[in-house]
Structures are given as structure tokens and as C-alpha cells.
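Please build the complex by placing chain B on the supplied structure of chain A, with the hints as guidance.
From first to last, the protein sequence lines stand for chains A and B. For the first sequence, this note's numbering assigns the number 1 to the initial residue and increments by one for each residue that follows. For the second sequence, this note's numbering assigns the number 1 to the initial residue and increments by one for each residue that follows.
Just so you know, these hints were derived from the structure itself, not from any lab. Think of the CB as a built atom: it goes at the ideal place given N, C-alpha and C, for glycine as much as any other residue. Do not take every clue at face value.
Quick list of in silico lysine-lysine cross-link-like pairs, BS3-like style, CA-CA up to 27 Å [stated by the list, open to error]: (1) K292/B <-> K295/A; (2) K40/B <-> K110/A; (3) K313/A <-> K84/B; (4) K210/A <-> K338/A; (5) K9/A <-> K19/A; (6) K156/A <-> K5/A; (7) K292/B <-> K76/A; (8) K177/A <-> K203/A; (9) K177/A <-> K110/A; (10) K110/A <-> K292/B; (11) K234/B <-> K109/A; (12) K210/A <-> K295/A; (13) K83/A <-> K292/B; (14) K313/A <-> K292/B; (15) K234/B <-> K338/A; (16) K201/B <-> K83/A; (17) K177/A <-> K210/A; (18) K272/B <-> K156/A; (19) K179/A <-> K210/A; (20) K5/A <-> K313/A; (21) K105/B <-> K128/B; (22) K234/B <-> K295/A; (23) K184/A <-> K156/A; (24) K313/A <-> K10/A; (25) K198/A <-> K10/A; (26) K54/B <-> K110/A; (27) K210/A <-> K19/A; (28) K88/B <-> K338/A; (29) K295/A <-> K313/A; (30) K105/B <-> K295/A; (31) K88/B <-> K83/A; (32) K156/A <-> K198/A.
Rough simulated footprint, nothing fancy, chain A against chain B, three-plus residues with beta-carbon under 8 Å [to be verified]: (33) 109-123; (34) 143-153; (35) 210-218; (36) 283-293.
Far from chain B by the CB rule (all over 12 Å, computed), these chain A residues [stated by the list, open to error]: (37) D113; (38) K203; (39) T206; (40) S213.
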Amino acid sequence: MTFVKIDQKKWAEGVSALKKGYQVFGPVKEGKDHEFRKLSGDQMPEMDYGNTRLSPKAAIYPQSEVMFTYTTDERKDDHHILKEPERDETPKAVIGIRPCDAFSFLLVKKNFDTPEYKDPFWLRAYDATTFVGYGCDDPCSSCFCTSAGSGPFDEKGLDVLLVDHEDGYLAKVLTEKGKALTEKAGWTQAFDAGQAEKVFGEKAATAEGKFESQISTDRLADIPSMDLYDAPFWEDIAFSCINCGTCTYLCPTCWCFDIQDECRGCDGVRMRNWDSCMSSLFTLHGSGHNPRGDKVSRVRQRFMHKLKYYVDKYGDGIQCVGCGRCVRKCPVNIDIRKVCEMMNQYDPEAQNECACPTT
Amino acid sequence: MSAPARQLDARKGDIVENPYLPYPVRIDDIITETEDKNLKTFRFVFINPEDEEKFAYMPGQFAELSVTGKGEIPIGIASSPTEKGFIKFTVNKVGLVSSYLHSMKAGDVMGVRGPLGNSYPWETLKGKNVVIIGGGFAFTTLRSSIIYMLENRDQFGQIHVIYGARTPGMLLYDQELKAWEARDDMNMHITVDGTDDPNWKYNVGFVPTITEQKAPPADEDTYAIICGPPIMIKFTQPVLDNLGYGHERIIMSLENRMKCGIGMCGRCNIGKDFVCKDGPVFTLAQLNTMPKEY
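Isolated chain A (complex conformation):
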């Protein structure tokens, strides 16, 4: 583990240098919010932010991406044969990502990297990316990463972790990928490890002390899935939901997608696009039957997936990193922290006693 000091001048020079070997993504202010964008020309990451409005998942997993191209022109020898398009294989660097968001990629990876199948599009992009995190000194009131398996200075999923220090940053170099990136950037001014650990430790302790909310997840694995599925609270939770799908689009751990063909003349593409379990079309059968045809079943699906199915399937915690985006942006104030609490506290036996009219 090495530490390097980066002053303001070195920071600007380093980001410029990185653009010569990497596609550099960073937070950029757009309107009221910040978003992760590929930085062009002399664009610098704008680091004075809490977190971006959308998660940075699009850096690895674009909202729309071409999987294959083909021609439907039957005069051509290769008509109707799918081919992978040439891609920009330049490595990527995501600079200034918050630790919760970096951790989210590890959760999503469980879906795309399975023993039976590997999703080549996601995995290639992920493997080609170096994650330079940025510790959170001031978590939002809606953040709850410390009780969702992460934390404001969590290092999981990161190659480098930056913290504010004097007029620049201190960087903790965590992996070989991180080392390669800091060297490419010319961020090589070593900093005393003992002193650095102290700075990191103090910052983490201070930030962790500022958290206003947390969730409990300790009982989720033990409550039978069908009991939670049949719990009486889903109607109430879903009552105000307008199925807008905002929660799914800005969530760093929502990975569902659709596959669609599009043609212009004889030139066609097979695309994949983010999709949302909040949409009725998501599960609609050709026959017209829909297994999740009402919004209650769709809202239940979203929370059950994140807080129960994922927990049962992988035995490694919830499919949520506590970034708080869905809490902040839901137009009707549905709050995953409250839903999680209801699920985690649920006692099916107490329910049965109350529900029985003869006792």
C-alpha cells in the first residue's frame, strides 16, 4: 500500500496526462446536479460535489449500447449474420467516483459474471476500467452506505482512493491498476504511510459520525421468502408509486436490460438498453397475460429483488449500497430505508395471530 500526495498543479497535469492513455470519466456539473461524463479536451473533473444525480454505472454499462451489427441486404454474402462492431478499447479511468458507487460494481458483477455465462460487454468494460475513488467528508442526510456494506472511505472496488488534503489530495494506491494509473498521471510524490493512515483514519471516523440514517438487514436472510412476498404492507408501500422508474434508472445496482433490433435501410443493429421492472411491458407475455401486471407486484419485485432474492441467491448482503439516490429523487417519497425496516422487522407469525378473526 503506497500513498502519494497530489497538489493542485499536479492534479491538473495528471488528469491531462491520463487522457492520453485512458478515456477519462469524471463528475461534471450539468444544471443543478453533477453527472459522470467522459471528459473531453481540457475538461477537468468538478470535484466539489456530493454525489452525481445518476450513478456512474453508464461508464461501464451504457444506457444504450450496440451488441451486434448486420445487414439485411440479401445481395451481400453475410446477410443476416450478426457481428460485433469495432469498439474503442482504450482503457477507461473513472475519476472521483464515490466509494458506494465503486462498491456497486462488485454487486452488479455477480449478475454479469456467472459460472455458466459471462456477459462480454459488461465484463470487458469493467476489466478495462480503473476506479479512482473520492472519500466522502460530508455524506448526505439520505445516505446510508455504512449500514449497506460500504462506507464513506470504503476501498472495495477501488484502485485508488483520494481524500482532500491541504490544497490537493492524498491518494491511497490500492491495486496494480491504480499504480499504473498514478504513474501515468505523474502522481508519484510519496507520502509517509504512517501519517497518511492517520489522515485517512481520522477522516473516515469524522465522516462516519455524521451519518443520520441507517438500515437493519440482519433478519432478511432468515425470514422465509414467501412470507415476505405475502406480507400485508406491499399495498401501502406501492400506494403512492406512479411506476415512473426513476429509482431503477438512477440506481447504481439496477442492471436489468432489454434487447431490441433496429434497422435503417438494410443496416441493422441489435441494441441493449437499460430496462426497468417498474414497467408493465417488462414482463408482458405475447398472449396478453402479465405475471406482474399491477404496480403492487412491480414495486414488490423491486424491493424483494434488492433486499431478499439477492440476499438468498448470493448470501452476501443486499443489492443496495446506500447511495440514497432513490430516496432523494423519488417523486412520491417512497423510501427504501423504511421498506427495508418493514421487511427486516416483519414477523409472519404475529401477523397470523392478528389476522385471525376467531381469537
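Same frame as chain A, now just chain B:
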């Protein structure tokens, strides 16, 4: 032009195959199966002969049929792995892709991606009696199973098949049904809901009723495989319960809307399981512990 993606990225070690890339196939033959012309059986041959070996499947599995410019549809494999040189799918005309497919001709090029999903539990079924109960067009993977069992006849005990459709003209695989009816190493029970054909020499009656009359008594060594419309399943299940079939010996194949077919796109789940990858075949005992989201 880039290299075919299956070979791409071998250098990265772990990602050799692209599971989204279909095998190119040519339509070899198309048979209109039913009098309403809504069901056609497509026989495909692989354009690259070596792909046939890679497409090693067992009855009960499905594949994504890929039509450029339209998309993909998940369809059960109707041929049996014992039939070589082609694969077969019977497709109901329902949506965008299936309607377009119905307009395609022999000789046309398209794609098949798979095989996908689990299969019927052939290891468990070895040495057992098998009762196949099918209705309507949900008979495709059952055809695959019957052909497979007859080709490996000594591996199974008694074989019963109960298959019904609304009318004689709506039965799939007409000629094969009649050939099976004539065999003495299986019990074939063809039925229709109704017919005014005076020469109809098979059963008349709904599948649950015929099941009640013809299905063998339940025992530890007898398994039922059911595929059919929801209404048939709803009324057949109590019949099997009455006959004493344990739910772990009732095997069903489910359908849900699918895209990826490999457990990643997120839509076909029933609880934590995906119909595309953990299914489509489940025992009724398993389904009893899962949400009814299918």
C-alpha cells in the same frame, strides 16, 4: 469487418464465447401444423456444420430464435437430440418476431441461440414410468421427449401420453401421433375437446377428464410431465392429486417473457429463480414454494 465475436477476446482468457451471438442457420423446411395456420414447424440446418455439435441439447430446453431487424423469441426445442442434421421448432404466431417468422421461406437465413435453460430431469426419469400430459400447442418439448424416450426405450418403464387439442385439426404432429397410437410399447391417448367428424376414432373430452380415465395409478416410480394452457393445468392438477401423484413427481415447464435467456436481463424471475436459466422446468413441489409470477 470485425471477426465473429465467438472467437473474439480469446486473449482475455475467460470470455471466449459471446452468449448473445446466435448460430447462423438456414430454414430447411416449414410445415403448417394446424388448420388455423397459426402454428408452423420450422426445421433449421446449421450454416456452419460444426455448430450442430456445440448446440448439444436435451428435451425440455429452449433456444432464442433470432430474426435480424425484428429480434429474438424464446421457443422450446421440438426436435429430439436423437434426430441428427437439423433442429425443429414449432412457433405460434403471436407477436412481432413470430409473425415475421411465419412469413419467411425455406432457404432464408436467420439465427438460433442456445440451447438454453435446464431440461426435463432425464437422470431422475431413468428407469421410471413417465406420463406425458399435453394440451394445445404446448406439445413441442413433449414431442422432443417422446422421440427421445422411444429412441432410448429400454431406459424407461411404461410410457403414457395424453395429448389433446380443441379439434382434430388443431393437433400438432398429426402423422406422428397416429404412428405412436399404433405402437405397442407406449400408451398414446389422443383427445379433442369436440369434433363432428364421424370417422374420429380417438377420444373426445378435455385433457383432465382423459387423464382421470387413462393415467396410470401413482407410485414412487411414476412421474408426470405436464405442459399446456393455464386452464388445462388448473384442472389437471387436482386429478393428479386424486390419483396420488406427489408434487415432487409432477414436472412442469414454464414460460415467461424473456430477452437474454441466460439469467441476466432480469425479467423472467419467479422469486430468486429465473425461468430462463434455473428453469423452464420445475417440479410442482418447487413451484409450491415460489411466487405465482408466471
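Hints versus structure:
{"no.": "1", "hint": "K292/B <-> K295/A", "verdict": "15 Å, holds"}
{"no.": "2", "hint": "K40/B <-> K110/A", "verdict": "39 Å, violated"}
{"no.": "3", "hint": "K313/A <-> K84/B", "verdict": "38 Å, violated"}
{"no.": "4", "hint": "K210/A <-> K338/A", "verdict": "20 Å, holds"}
{"no.": "5", "hint": "K9/A <-> K19/A", "verdict": "16 Å, holds"}
{"no.": "6", "hint": "K156/A <-> K5/A", "verdict": "21 Å, holds"}
{"no.": "7", "hint": "K292/B <-> K76/A", "verdict": "47 Å, violated"}
{"no.": "8", "hint": "K177/A <-> K203/A", "verdict": "25 Å, holds"}
{"no.": "9", "hint": "K177/A <-> K110/A", "verdict": "21 Å, holds"}
{"no.": "10", "hint": "K110/A <-> K292/B", "verdict": "26 Å, holds"}
{"no.": "11", "hint": "K234/B <-> K109/A", "verdict": "39 Å, violated"}
{"no.": "12", "hint": "K210/A <-> K295/A", "verdict": "36 Å, violated"}
{"no.": "13", "hint": "K83/A <-> K292/B", "verdict": "38 Å, violated"}
{"no.": "14", "hint": "K313/A <-> K292/B", "verdict": "19 Å, holds"}
{"no.": "15", "hint": "K234/B <-> K338/A", "verdict": "38 Å, violated"}
{"no.": "16", "hint": "K201/B <-> K83/A", "verdict": "53 Å, violated"}
{"no.": "17", "hint": "K177/A <-> K210/A", "verdict": "32 Å, violated"}
{"no.": "18", "hint": "K272/B <-> K156/A", "verdict": "25 Å, holds"}
{"no.": "19", "hint": "K179/A <-> K210/A", "verdict": "31 Å, violated"}
{"no.": "20", "hint": "K5/A <-> K313/A", "verdict": "42 Å, violated"}
{"no.": "21", "hint": "K105/B <-> K128/B", "verdict": "41 Å, violated"}
{"no.": "22", "hint": "K234/B <-> K295/A", "verdict": "25 Å, holds"}
{"no.": "23", "hint": "K184/A <-> K156/A", "verdict": "22 Å, holds"}
{"no.": "24", "hint": "K313/A <-> K10/A", "verdict": "45 Å, violated"}
{"no.": "25", "hint": "K198/A <-> K10/A", "verdict": "23 Å, holds"}
{"no.": "26", "hint": "K54/B <-> K110/A", "verdict": "26 Å, holds"}
{"no.": "27", "hint": "K210/A <-> K19/A", "verdict": "35 Å, violated"}
{"no.": "28", "hint": "K88/B <-> K338/A", "verdict": "51 Å, violated"}
{"no.": "29", "hint": "K295/A <-> K313/A", "verdict": "24 Å, holds"}
{"no.": "30", "hint": "K105/B <-> K295/A", "verdict": "41 Å, violated"}
{"no.": "31", "hint": "K88/B <-> K83/A", "verdict": "25 Å, holds"}
{"no.": "32", "hint": "K156/A <-> K198/A", "verdict": "19 Å, holds"}
{"no.": "33", "hint": "109-123", "verdict": "holds (count 3)"}
{"no.": "34", "hint": "143-153", "verdict": "violated (count 0)"}
{"no.": "35", "hint": "210-218", "verdict": "violated (count 0)"}
{"no.": "36", "hint": "283-293", "verdict": "holds (count 5)"}
{"no.": "37", "hint": "D113", "verdict": "8 Å, violated"}
{"no.": "38", "hint": "K203", "verdict": "37 Å, holds"}
{"no.": "39", "hint": "T206", "verdict": "38 Å, holds"}
{"no.": "40", "hint": "S213", "verdict": "27 Å, holds"}
In this structure, the earlier hints numbered 2, 3, 7, 11, 12, 13, 15, 16, 17, 19, 20, 21, 24, 27, 28, 30, 34, 35 and 37 are contradicted, and the remaining ones agree with it.
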